[in-house]
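> Sequence:
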Amino acid sequence: MLRGWRACGPRLWLSHVDKQVKVKTRRQEHRGRLLSVDPVSASLVLVNLVEGGATVCVVMGHAVEEVEVLQEAGGDSAPPLWTLFEPPPSCSLDSPQTRRRRAAVCCWLRKNRVPVEEAGEEVRVAGALTIVAPYRPEDCSSSNQVILDRVQRLLRTRPDSD
Numbered sequence: 001m002l003r004g005w006r007a008c009g010p011r012l013w014l015s016h017v018d019k020q021v022k023v024k025t026r027r028q029e030h031r032g033r034l035l036s037v038d039p040v041s042a043s044l045v046l047v048n049l050v051e052g053g054a055t056v057c058v059v060m061g062h063a064v065e066e067v068e069v070l071q072e073a074g075g076d077s078a079p080p081l082w083t084l085f086e087p088p089p090s091c092s093l094d095s096p097q098t099r100r101r102r103a104a105v106c107c108w109l110r111k112n113r114v115p116v117e118e119a120g121e122e123v124r125v126a127g128a129l130t131i132v133a134p135y136r137p138e139d140c141s142s143s144n145q146v147i148l149d150r151v152q153r154l155l156r157t158r159p160d161s162d
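In terms of UniProt numbering, the sequence shown is numbered consecutively and its last residue is 162.
There could be a bad hint or two in this list.
Said to hold, decoys possible - DMTMM-like cross-link-like pairs, simulated, lysine to aspartate or glutamate; straight-line CA separation at most 20 Å:
#1 K111 - E65
#2 K24 - E51
#3 K24 - D38
#4 K22 - E66
Worth flagging that the hints you see were computed from the coordinates, not collected in a lab. Just so it is clear, the structure is predicted and the values come from calculations on it, not from any experiment.
Model the full structure from these sequences, guided by the hints.
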């Protein structure tokens, strides 16, 4: 059993990730596999696998009184937790359709004075954002949340977007 969760620090928190844990708070007890720990608030993200998916529970770090490891990580029956949260595979487009859509997205972004460059199958925006096939707003990725939000909004306003 582990008391003083917030004071334990990131090294110990990481050692508990992907293990089956029991978390006690003043009012409740939570069980699940530990997906992640927020390094600032010490909040825990617990996942319980259910038929057809998973349930997620966030336990705020300030409320944690005790954490107990019930089962070590691993085992063939337990899929890696992160695979549950990956986006579904994007629809497959034939090559001419992919090229047309990529060209239309690039044209729309340039028309709106956004710096764009094509890098193979990817579209790069201002060196800070990448768009992959099928070039929809949800196919954008960036570590800069402001740029991500603005480009996604711009793509949603694209005429004849499919």
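> With reference to the structure, classify each hint as holding or not holding.
Verification of the hints:
1. K111 - E65: Given pair K111, E65 is violated - Cα atoms ~55 Å apart, limit 20 Å.
2. K24 - E51: The hint is violated at about 25 Å.
3. K24 - D38: 17 Å, holds
4. K22 - E66: Judged against 20 Å, a Cα distance of about 8 Å means the pair holds.
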